[in-house]
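S.K.: Here's the letter readout for the chains.
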Amino acid sequence: MNLSTPDNNPDASFVSALTRLQSRLRGYCQAALGHGDEAAEALQRTNITLWKKSEDWDPKQDFSRWAISIARFEVLGVVRDRQRTHQRFIFDPDVAEQMVDEASELVTPSSDRQEALEFCLAKVSQKNRDLLTAYFVRGETFQEIATTTGRGLSALKVAMMRLRGSLRSCIESQIGKEASA
Amino acid sequence: MSESIHHDKTDGFKELESMLLNSVNADFSGADRDLLNSLLRESADARAFASELLFDDALLADSLSTEAAEASFRDKASSRQNSTVWIRIAAVVVICLIPLGWMVSHQGSTQTIETTVASIQGTNRITGLKHGQTFQIGERVEIERGRAVLRFASGAKFAIEAPASFVITGPNGADLDVGRATIRVPGEIKGFTLVTPTEKIVDLGTAFGIEVAENGTTSVAVFEGEVELLGASRARRIFAGQSTQSTQSKLPAQSIPHLVDAFLNTWETSFGVESVRGDLRVSRPGERLAPGLVIDSSSLLLFPERENVTLPEGYALNSTRTGLHQYPFRSQIEYLTESLTVDSYLLQYHPGVKTSSSKDRVFTAELHFDRPVVGLILRPDQLDASDAVLAMPGAQLKNISRRGINKDDQVELSDDRRTLYIRMSIQDSVDQIRVLVEAGA
Numbered sequence: 000m001n002l003s004t005p006d007n008n009p010d011a012s013f014v015s016a017l018t019r020l021q022s023r024l025r026g027y028c029q030a031a032l033g034h035g036d037e038a039a040e041a042l043q044r045t046n047i048t049l050w051k052k053s054e055d056w057d058p059k060q061d062f063s064r065w066a067i068s069i070a071r072f073e074v075l076g077v078v079r080d081r082q083r084t085h086q087r088f089i090f091d092p093d094v095a096e097q098m099v100d101e102a103s104e105l106v107t108p109s110s111d112r113q114e115a116l117e118f119c120l121a122k123v124s125q126k127n128r129d130l131l132t133a134y135f136v137r138g139e140t141f142q143e144i145a146t147t148t149g150r151g152l153s154a155l156k157v158a159m160m161r162l163r164g165s166l167r168s169c170i171e172s173q174i175g176k177e178a179s180a
Numbered sequence: 000m001s002e003s004i005h006h007d008k009t010d011g012f013k014e015l016e017s018m019l020l021n022s023v024n025a026d027f028s029g030a031d032r033d034l035l036n037s038l039l040r041e042s043a044d045a046r047a048f049a050s051e052l053l054f055d056d057a058l059l060a061d062s063l064s065t066e067a068a069e070a071s072f073r074d075k076a077s078s079r080q081n082s083t084v085w086i087r088i089a090a091v092v093v094i095c096l097i098p099l100g101w102m103v104s105h106q107g108s109t110q111t112i113e114t115t116v117a118s119i120q121g122t123n124r125i126t127g128l129k130h131g132q133t134f135q136i137g138e139r140v141e142i143e144r145g146r147a148v149l150r151f152a153s154g155a156k157f158a159i160e161a162p163a164s165f166v167i168t169g170p171n172g173a174d175l176d177v178g179r180a181t182i183r184v185p186g187e188i189k190g191f192t193l194v195t196p197t198e199k200i201v202d203l204g205t206a207f208g209i210e211v212a213e214n215g216t217t218s219v220a221v222f223e224g225e226v227e228l229l230g231a232s233r234a235r236r237i238f239a240g241q242s243t244q245s246t247q248s249k250l251p252a253q254s255i256p257h258l259v260d261a262f263l264n265t266w267e268t269s270f271g272v273e274s275v276r277g278d279l280r281v282s283r284p285g286e287r288l289a290p291g292l293v294i295d296s297s298s299l300l301l302f303p304e305r306e307n308v309t310l311p312e313g314y315a316l317n318s319t320r321t322g323l324h325q326y327p328f329r330s331q332i333e334y335l336t337e338s339l340t341v342d343s344y345l346l347q348y349h350p351g352v353k354t355s356s357s358k359d360r361v362f363t364a365e366l367h368f369d370r371p372v373v374g375l376i377l378r379p380d381q382l383d384a385s386d387a388v389l390a391m392p393g394a395q396l397k398n399i400s401r402r403g404i405n406k407d408d409q410v411e412l413s414d415d416r417r418t419l420y421i422r423m424s425i426q427d428s429v430d431q432i433r434v435l436v437e438a439g440a
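Residue numbers (numbering that gives the first Met the number 0), protein chains in the order written: chain A, 0 to 180; chain B, 0 to 440.
It should be emphasised that the hints constitute simulated quantities derived from the structure, not laboratory data. Hints may contain errors.
Derived lysine to any residue pairs resembling SDA-like cross-links, with alpha carbons at most 25 Å apart [to be verified]:
1) A:Lys-126 to A:Cys-169
2) B:Lys-199 to A:Lys-126
3) B:Lys-189 to A:Gln-21
4) B:Lys-13 to A:Leu-152
5) B:Lys-189 to A:Asn-127
6) B:Lys-199 to B:Ala-261
7) B:Lys-249 to A:Thr-84
8) B:Lys-13 to A:Gly-164
9) B:Lys-13 to A:Gly-35
10) B:Lys-13 to A:Phe-88
11) B:Lys-199 to A:Ala-145
12) A:Lys-156 to B:Ala-261
Hey, can you work out the whole structure from these sequences and the hints?
M.R.: The structure is reproduced here in structure tokens:
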């Protein structure tokens, strides 16, 4: 990876909009490509392309819609590149293309899952936060977490599924409340 | 989506959820992958469920890592001084994302964020680069001759020797395409990330050597602490005294014999030692942590000790002056008139068992640092008193008597403060002095 220094210098409103959208862009890429480094690569490409095209963005225009259209192109670019080099990743190319369409539904500003998630995450115990951090932030495998914590492998997997189930219900409930408010 | 419908869907997709969770683990088989794709291909509901799950996972990872980073920086801010640059960068660059950080850091005059994320602290016979040169995210660095040590904004030290080519990817990371390097991440800093053509290495509080060959083969030798290898589908941790080699990305690294000689040059450079001449060597990885236990009757040894230690105003040293220092030191006590942040080095002769010989042996050496020497501690009582703040934890110095230097010993500090000339006339006993060098910016 070799980032070239950009010649253009986008204004503060562009940077601000891009900063606000980062989590959702990452979510979009991951929803389309699954866990693994393909999503990170797509996000990297998206950020660079957005930066290069910053002059094309009209601040009166919906930034997220514009950015997602570019992210979609970059996600499909990653799929094509991997296909060209015969690399297999989690989703087959045809499935990844279907997943891209699903992902687009999640990024709209009206369904602000980030706020709902943070609200729900605040209710999670420290022990469970540690489990989530080990798995999702540090990328540890269940086996490694089991070794570190002394918990059984099966119990750990069950705990993770339950935890995610609770979080998911809480998020949906929060979004439902916001929508009806 | 109503909650009841949501629960119905979730109950039907337990297997799908389990597969998505396991999809990055090494035991996720080709058959598992086929089944996952088949489920998604055939059901729109499954796709909707999976995309929502994956989207939430990304948001979750972002929230948790932001929390962790903020907590880490709060701790660091309260425990360290002189970290303004890192904190300023960290506030936006690290907590968010490296690519975005790169963009933000290139903003115009309305932004207050520093754009420099690494700089050259020292060099040795290098061409094309100079001391103090700064780098921004995305810059490629090529080294054709010599060695250099870069200090990243995070505080990580990256000492590399030619031929080498790498790209600065952030205030705490780089892509190393080819070259041999030692990386040291002092203090509480963690997470320095090196990406090579066949491996991804994340520091977990450590010192390690790395060599990337022209064909991308990556060898890693951990000197202190531990690192995590993330190049294969399953992460692996390796610890001090272990070495691995990775020949292909996605394949697990193989254990190899732990040989450190190839890294000694960059190891030395990483501590700001530009060169040593004469009867002196820098302690090897492993020796550094317990100087009291290291016996070598054939040469003087230099042990890099604690880094970035802030000595308070009024702290007593034997000398802050250039020129010749020799016995007696009774009158040579100076007090710091302002606080000073230093890296400490213990210079030692420790022959081990005493012999009946009473004949002196003379050791002479020249020692060049990449930063100015700002103080010397030469007397036994002051060495003892300074151990608590300057010696490495577990240095095993308690049982050493006759520290300090003696009647016929001489230490001379050059006018530019970067070179020490040492002459020690030694019988079979321990001699020690402490050298304090200005900490890097």
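S.K.: Please name the hints from earlier in the document that this structure breaks, with their numbers sorted from lowest to highest.
M.R.: 2 and 12
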